[in-house]
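Peer 1: Here the protein sequences line up with chains A and W, keeping their order.
First residue of the first sequence: 1, per my numbering; consecutive thereafter.
First residue of the second sequence: 1, per my numbering; consecutive thereafter.
Hint data in this document are derived by calculation from the structure and do not stem from the laboratory.
Hints are supplied without guarantee of correctness; some may be wrong.
Computed from the model, here is a short list of chain W residues facing chain A with C-beta under 10 Å [to be verified]:
(1) L67
(2) L71
(3) L141
(4) V159
(5) R160
(6) W182
(7) L186
No more than 20 Å apart at the CA atoms, straight line, and that leaves these computed lysine to any residue pairs for SDA-like [claimed, not checked]:
(8) A:K472 x A:G42
(9) A:K427 x W:P156
(10) W:K210 x A:L411
(11) A:K472 x W:E72
(12) A:K427 x A:E289
(13) W:K362 x W:L298
(14) A:K427 x W:G171
(15) W:K210 x W:T280
(16) W:K210 x A:G406
(17) W:K362 x W:E441
(18) A:K427 x W:T155
(19) W:K105 x W:R31
(20) A:K472 x W:T66
(21) W:K210 x W:G188
(22) A:K427 x W:I164
(23) A:K472 x A:D323
(24) W:K210 x A:V403
(25) A:K427 x W:R153
(26) A:K472 x W:G70
(27) W:K105 x W:T155
(28) A:K472 x W:L73
Even for Gly, the Cβ is constructed at its ideal location relative to N, Cα and C.
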Amino acid sequence: MTDAMIGLIALPLAGALATLLLPRSATAVAIGTGLATTVAAGLLLSGVATQGALHYEIGGWSAGLGIALRADGLSALLLMMTALVALAASVYASAYFNTASERARFWPLWLLLWTALNALLLSGDLFNLYVTLELLGLSAVALASLSGRRAAVAAALRYLLVGLLGSMMFLAGVSLLYAGYGTLDLAALSHMVAPGPSAWTALALMTTGLLLKTALFPLHFWLPPAHASAPAPVSAVLSALVVKAAFYLVLRLWLDVFATVVTPAAANLLGLLGAGAVLWGSWHALQAERLKLLAAYSTVAQLGYLFLFFPLLLALPSGPARDLAAGGLVMLALTHGFAKAGLFLAIGVIQQRCGHDTIRQLDGTAQRLPATTFAIALAGVALIGLPPSGAFLGKWQLLAGAVETGQWLWLVVTAVGSLLAAAYIFKVLGHAFGHRPYPNQPVTVAREEWPALLLAGMAALVLGLSGAPMWKLLELGI
Amino acid sequence: MNWDAWLPVLVVASSLLPGLVIFFLSEGSHRLRTALNLAGAILKLVLVGILIWGVFHEHVYESRWTLAPGLELVLHADTLSVLFVTLSTVLWLVTTVYAIGYLEKAPHRSRFFGFFSLCVSATVGLALAGNLFTFVIFFELLTLVTYPLVAHRGTPEAVRGARIYLAYTLGGGMLLLIGTVWLHVLAGPTAFVEGGILSSLPAAYHPQLKIIFLLLIMGLGVKAALVPLHGWLPQAMVAPAPVSALLHAVAVVKAGAFGIVRVVYDVYGVNFTDQLGLLTGLGIAAAITIVYGSVMALFQDNLKKRLAYSTVSQVSYIALGTAILGPIGTIGGIVHLVHQGIMKITLFFTAGNYAETLGIHKISEMNGVGRRMPATTLAFSIAALGMIGVPPVAGFVSKWYLGLGALEAGMAAWVMPVLITSSVLNAAYFLPVLYRAWFREPGPAWPAEHIPAARFETSAALLWPPVITATLALAAGLFAAAPYSPLEWATLIAHREYGL
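Using the sequences and the hints given, assemble the complete structure.
Peer 2: Here is the structure:
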């Protein structure tokens, strides 16, 4: 299984180099790399499911000096989601970019981003996490500015500065920890950290840096323009995966490494920010006039739900109820990843086929692009959290945790947020179903439409109906 | 899994799979689509026949699928679910025939019939749900798949009606979800068990259980169109006639009423609900709705709108029967679930026939229509008389049992006036229509004659469905005492419920 771990990093890295060297066959190389990486992620997932958490030291150097890789249920699941989303987005990207020069610039950065994501999810020590976080941020910025348009470059520049600021704060926290405990290994640290000013400061610095990167309200200001002006396949991966990576680190730090340090008050603060994100993001998504902006604000809101779990997880005693809630959190994160990626790809199809993504002018889309409209509807079901999507199960656990711990505020926020989500999704669908006596025949373009449809179907049907084993897998994690 | 576990799944799948296939058919493949629709509907009817026989002989049909630890999707057939499944299946078959005739040459038929089949699948799934969690899932699915049907025509009014429908039902769904989650935290998985499961909870939980009951009934009440949550129903009238027929008789409105019956009888237990002091509140809400709906119906000139307000009123008879403690009242409420369905679907079919054949949308345009379309008008008359409660049509049986149940439960003081007022109002808004249709002289020309009179007064696919359902409505009243009649089955349910 260690081969799979190495493969998850080495394959996309090698692919990135190959596409750089062979720009003419870059697309074929990239799709091949994507398939191989997805197989590796599948192997790792089945390995973790049968053998439990895995650990590997590259070159035999022990942690502290060498590079240690680790994978547990949580990281294996996120790696699998990363692979499937990135693969689908790759297939779509092969149809999205028209010119050879665009493709030549896109593929190396794209595979580098994938490498960084995988490496981040597999890293077991804080320094490597910092490095992968930087790599991820830089490749993401480069991809976001790919179109070269003024708005995109301005948004990407802001994205870059915010990312750097976040990384610096993270690094400052890491140095404080190293000064205090002399190690950066996560497993070792989790036994050593004790409540105290230095641990609190380190956690506060690292968390703030990561919240900037994951765009938690009110630090979300950079996300909507950056995600809305990137090319569609890039937006998909930025919204579905890149912000999730930073969130994954927050989760690791709060529930794993610093579990003894965090206080209910701090968790409540995260919950409040999450509540702000849900309400603010959903409201702005409802006001948005363009589809891509709607999707980007929806990302702000959906990340908010994930933070609502923190006060619940801290209040619940460890046991089955807490495991259920933790599973709900991961289920919500996974569903959002698939759904949002599917939504962005579908928006890309509309943008290219209709020449715009203005919501008010979408009338007749259901007639013209039936498969894509269906993909938006499926993704929408998952974003609202209606059954049978995975998000329904996630929100069920969120509501149950809120009832169980008597934290009714989160319940109200979830209910209001879900109804707002329904309002913005059905605003789009209402326009799409609007009748326009089109002379045009319905269009179906397999390579453009299937990726979105499959991702949305994954979120709305597969995760919800067959997600039960996930809870079992997670017990090997958090 | 053996046959007993597969049967409930097959009952749902027999409309789900054809529906999914239909989405991918091109508009032109009319025959294949019709064949798939009818094959699914007939197969479902056969499967339901087996189910009826088995449940009567106390056979257990159950399938389970785990969605998350402690959360199971359960399909389970008991007497109550079989009643609703049978109603949906029979009326689906008839409505499919009607819809094929109605939508001839209309655009987007594949999309329409796809969602139409999904709508019935959701209804049947909801009927077979074995616990509250499963019920909620199918309840929300039903909301989702009916939205494109209401918005089908794509006109601004249709999209607006659909949006209002969605706002109400999703809001209600959220209340239902919160109540269900809360109950799940207090009591664990809430399986539907005859007699309820909550009476064993400690008394300290009772205040919470009251709030949860309110949440659940409000959530269900939106679909069941309990006043003041009924606002969407008259707006949803913009849907095509077969959709209105299905919405009012089987799917959406009935799902809400069925849910109320489930919650009272099989989650809380009717005696425990009474003990918590919740039955009277439900009864009063139902009574207000019955009278309000009837009064509003009086003032509508648009035929479909009048029928819609009549639905608001009539569906609450089911809730009223639920609120009457004792087996007789229970029988009256449950049997009305079926009777109202058959009668109301007839009324909507005939309203659709008037509109499609002669362009008649308003009651003021119906003068003398009985001479031009005698069979349709006869069907309309039977159903309307049934709604008023004239024997021997089915509606009389429901009202008789409701009144008798109220007497037995000592609630006659307020139930009787409600029943009498409502019947007088029913007569006041239906009899003038009948008078116009049969006895007034027709005007010089119909508003817009689309289908000329030939061998039949309208096309056969439009004519037969209302004739069949009107016959059923008459038969359900005439042969109420026959074995396997709706009344007999409702009696069986009540007996198992009260452990008689």
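Peer 1: Against each hint, give a clear statement of whether it holds in the structure.
Peer 2: A quick look at each hint next to the structure:
no.	hint	verdict
1	L67	holds (6 Å)
2	L71	holds (7 Å)
3	L141	holds (6 Å)
4	V159	holds (5 Å)
5	R160	holds (9 Å)
6	W182	holds (5 Å)
7	L186	holds (8 Å)
8	A:K472 x A:G42	holds (17 Å)
9	A:K427 x W:P156	holds (13 Å)
10	W:K210 x A:L411	holds (19 Å)
11	A:K472 x W:E72	holds (16 Å)
12	A:K427 x A:E289	holds (11 Å)
13	W:K362 x W:L298	holds (13 Å)
14	A:K427 x W:G171	holds (16 Å)
15	W:K210 x W:T280	holds (13 Å)
16	W:K210 x A:G406	holds (17 Å)
17	W:K362 x W:E441	holds (16 Å)
18	A:K427 x W:T155	holds (15 Å)
19	W:K105 x W:R31	holds (13 Å)
20	A:K472 x W:T66	holds (13 Å)
21	W:K210 x W:G188	holds (17 Å)
22	A:K427 x W:I164	holds (12 Å)
23	A:K472 x A:D323	holds (9 Å)
24	W:K210 x A:V403	holds (16 Å)
25	A:K427 x W:R153	holds (17 Å)
26	A:K472 x W:G70	holds (12 Å)
27	W:K105 x W:T155	holds (18 Å)
28	A:K472 x W:L73	holds (18 Å)
Figure legend: structure checked against the earlier numbered hints; every hint is met.
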